[in-house]
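Engineer: Here the sequence shown stands for residues 2 to 334, numbered as in this note's numbering.
In case anyone wonders, no lab produced these hints; they're calculated from the structure.
Careful, some of the hints might be misleading.
[To be verified] Label-pair distances were calculated between CB atoms; the ranges are:
{"hint": "1", "residue 1": "30", "residue 2": "190", "range": "23 to 29 Å"}
{"hint": "2", "residue 1": "311", "residue 2": "220", "range": "25 to 31 Å"}
{"hint": "3", "residue 1": "10", "residue 2": "193", "range": "34 to 40 Å"}
{"hint": "4", "residue 1": "172", "residue 2": "197", "range": "28 to 34 Å"}
{"hint": "5", "residue 1": "31", "residue 2": "198", "range": "15 to 21 Å"}
{"hint": "6", "residue 1": "321", "residue 2": "74", "range": "42 to 48 Å"}
{"hint": "7", "residue 1": "74", "residue 2": "193", "range": "51 to 57 Å"}
{"hint": "8", "residue 1": "12", "residue 2": "189", "range": "24 to 30 Å"}
{"hint": "9", "residue 1": "330", "residue 2": "244", "range": "35 to 41 Å"}
None of these values were measured; they are calculated from a predicted model.
Yeah, the Cβ is synthetic: ideal placement off N, Cα and C, and Gly gets one too.
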Amino acid sequence: MPSSPMPSLLTVRAETFPIRGTFRISRGAKTEAYVVVAEVTDGAATGRGECVPYARYGETVAGVVTDLEALAPAVAAGLTRTELQRRLPPGAARNALDCALWDLEAKRTGVPAWRLAGLAAAPRPLATAFTLSVDTPEAMAAAARAAAHCPLLKLKLTGEGDLDRVAAVRENAPHARLIVDANEGWSLEQLDRYAPALAALGVELLEQPLPAGRDADLAGYQCPIPLGADESVHGLDSLEALVGRYQVANIKLDKTGGLTEALALKAACEAAGLRVMVGCMVATSLSMAPAHLLAQGAAFVDLDGPLLLARDRTPGLRYEGATANPPAPALWG
């Protein structure tokens, strides 16, 4: 008689990766990236997924590990991605396990994840934004000089003095395209004051100027720069509140809770007339790999997480300057 299939084993672990220097946004600074990895092994193959627990959304490394470990019996019983969407809400924990299940299916069947996701063609290399942490204008000018070869720079901003920061970057990276991210750090008065000057400096996108709870203030707002929602974007149920307030939605797997809902949200955003940006937390290539699939055809790509680390995992994504190549199967998918 044929042997029964082995139950799937879920393994969860927390890992730490040093950041090159310090990564600063309006809410604070950090020197290390804390990630949680989920591995699902069925005896024939192993699938992996990585997430970044984010304090902004009430997540902790310990809490995410606990939430994932609680699903070990369900995984052993054959938990599917569809069932997972009902078992966990959008967030980091679901992302790690969802992406691990995608990877497991690809490795078990020999069908690459892009085919499983229904993409029309194999993923192509993508030019990614390169992020400059918020700092003094002088420090950001120096960072811009060092990154002036990058075609797209993303500037983290914080409030007062931001125009000086952007002007310093523009002067020192005159040929780069610019997007800026206030990370909820502005008031409506600052938005009114800064937006025309940012447009004159050639800024192409302004991410999340106001706190997520103030989205209603942007209804019908006439901004000279496209506005992008970031902290205001989570799962599919967040889409309705974006329409008429933002022109771009920044989709991150740690917010949607994995590739499964992210693919659905991307399609829904495009159908609603929103352009899509695919972003990331500061994390390793294992986080970027499924996002690289999602980012095919996106208006903006921000998958530079491994470039901000002092070391990445091996194997990792292969970057050529600011171009991220598709993941090899040994990494994911």
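Engineer: Each hint needs a verdict: does it hold in this structure or not?
Structural biologist: Evaluated hints:
{"no.": "1", "hint": "30 <-> 190: 23 to 29 Å", "verdict": "26 Å, holds"}
{"no.": "2", "hint": "311 <-> 220: 25 to 31 Å", "verdict": "43 Å, violated"}
{"no.": "3", "hint": "10 <-> 193: 34 to 40 Å", "verdict": "55 Å, violated"}
{"no.": "4", "hint": "172 <-> 197: 28 to 34 Å", "verdict": "19 Å, violated"}
{"no.": "5", "hint": "31 <-> 198: 15 to 21 Å", "verdict": "30 Å, violated"}
{"no.": "6", "hint": "321 <-> 74: 42 to 48 Å", "verdict": "44 Å, holds"}
{"no.": "7", "hint": "74 <-> 193: 51 to 57 Å", "verdict": "54 Å, holds"}
{"no.": "8", "hint": "12 <-> 189: 24 to 30 Å", "verdict": "47 Å, violated"}
{"no.": "9", "hint": "330 <-> 244: 35 to 41 Å", "verdict": "38 Å, holds"}
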